[in-house]
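Use the sequences and the hints to build the structure in full.
Chains as they are written, first to last, in the numbering used here: chain A, 1 to 181; chain B, 1 to 361.
Please note that a few of the clues may not be correct.
Chain A is faced by these chain B residues, among others (derived, beta-carbon under 7 Å) [to be verified]:
#, residue
1, 118
2, 179
3, 268
4, 269
5, 272
6, 346
Read the hints as simulated data drawn from the structure, not as lab findings.
Beta carbons are placed, not taken as given, at the ideal position from N, Cα and C, and that holds for glycine.
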Amino acid sequence: MTEEIIIAGFGGQGVLSMGKILAYSGIMQDQEVSWMPSYGPEMRGGTANVTVILSDSRISSPIIQEFDTAIILNQQSMDKFEPMVKPGGLLIYDPNGITRHPVRKDIAIYQVEAAEEAARTKNPRTFNMIVLGAFLKVKPIVKLDNVIKGLEKSLPERHHNLIPVNKEAILKGMELAKKYS
Amino acid sequence: MAELKLMKGNEAIAEAAIRCGCDGYFGYPITPQSEIMETLMARQPWDETGMVVLQAESEVASINMVYGGAACGKRAMTSSSSPGISLMQEGITYIAGSELPCLIVNVVRGGPGLGTIQPAQSDYFQAVKGGGHGDYKLIVLAPASVQEMYDFVDLAFELAFKYRNPAMILSDGVIGQMMEKVQIGDYKPRLTDEEVVKRYGSWATTGKPSTRERNIITSLDLDANSQELFNLKLLKKYAEIEKNEIRFEEISCTDAEYLLVAYGSSSRICQKTVDLAREKGIKVGLLRPITLYPYPYGAIQKLVPQLKGILAVEMSAGQMVEDVRLAVNGKVPVLHYGRMGGVIPTPNEVLKVLEDKLIKG
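What follows is the structure, given as structure tokens:
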């Protein structure tokens, strides 16, 4: 099994840390992982993205131009990455702030109202975990237990008190995943 | 105790430095390698192993601090990215001319000039063909994974001390910024002056005992004849390095009719190209030089009789390809493919060039 994922949105949405938690979850189930961020002017100017690959075998190129899954959190990323999802692949996005919705007919498309949920619970920093939950509902490539272990590994110990909140957010995201087309 | 961690390539360099008994790091921040010093500062190894970490006022100062540390027989290192490495060239040639061991890490970005902050491999010539003035060589290691970023720090120091020669890790923004699993090794203790003398001989300025003449570290010799003798001594050393230290990896080369040659991040991209090409029934292999100096000319030569053509892939206008051509000596066509300025080629792009230019062309 190899899953090639792009997560893309604005800086500050937790795009890179969502990828890191996913990568750690992969390690927890003995997979090979790679995490390749954008670090150029786009990071300094707003958008951020990260390519995460989880695989049962050695990962060749960490740089790819076709993805099994695209997790998209702003319009610029929609424009850029919708065409790069493999036929039969998955696109999952938060419709908040999206003006042009995806049009591909050969991929599965899901929505998750993560920004709305994070605002409703007054816990904006759980936004990325809600999105992650929705993704894992549609594609359970890592077990929830391993995600929690991944959180433990990627969060500094002083933040471990936040793990239950994050777990709740993941579970909420699983409920919120909604098929779009 | 070995443990498994998810780390950026740059963080792996820092962790490896602490654990391999490095005595001092001297550097100046520049993207895409600033995490090396950031990690060192956060880890505060001066409390743990006694390793010194210092942000110098410039790259020129950094390399000269390394020069001083190395002269005392210490494991001293610096890191930078392309424009910063250019600033260090004077210091590097002095260190080579003084026959001192040290580690320089270059996490390459696009050039020339200030260029861009994205990954490139356009410092190959600078790393393996000189960079500074005079006849000298660096031992150059090219990691292709975060694990190798970690492993090569100790290896580079070992080789540097074995040959009393500066070593360079030539990486780039891809390997520096990406995260992968890393097997973290045990701590190696920092060596005392006595241990340095015992292990590597008494060339270092560790304080003169009454039992030997004073050690002089210099790269200056005003007598042309004795300078030439020194140059010949260097050549002999380089011949030893070329005999003993060539490292490379072959992937799917046994039955290959076409060969990709690529190092560092380009070799990762080419691994995927090999997979894609093999799915289409094209017999292609990959040769990945791990040491760029000494270069694996012989390994390429050995494959030439079975090959119809070679494609050298690097993120530059075509630098390493010259060494591939030297190895092949005109016996089969050698093409170059590369992107520049921080653009990273994709596996499919390389496959298309392989099919359209090398196989059909």
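Hint check:
{"no.": "1", "hint": "118", "verdict": "5 Å, holds"}
{"no.": "2", "hint": "179", "verdict": "4 Å, holds"}
{"no.": "3", "hint": "268", "verdict": "5 Å, holds"}
{"no.": "4", "hint": "269", "verdict": "5 Å, holds"}
{"no.": "5", "hint": "272", "verdict": "4 Å, holds"}
{"no.": "6", "hint": "346", "verdict": "5 Å, holds"}
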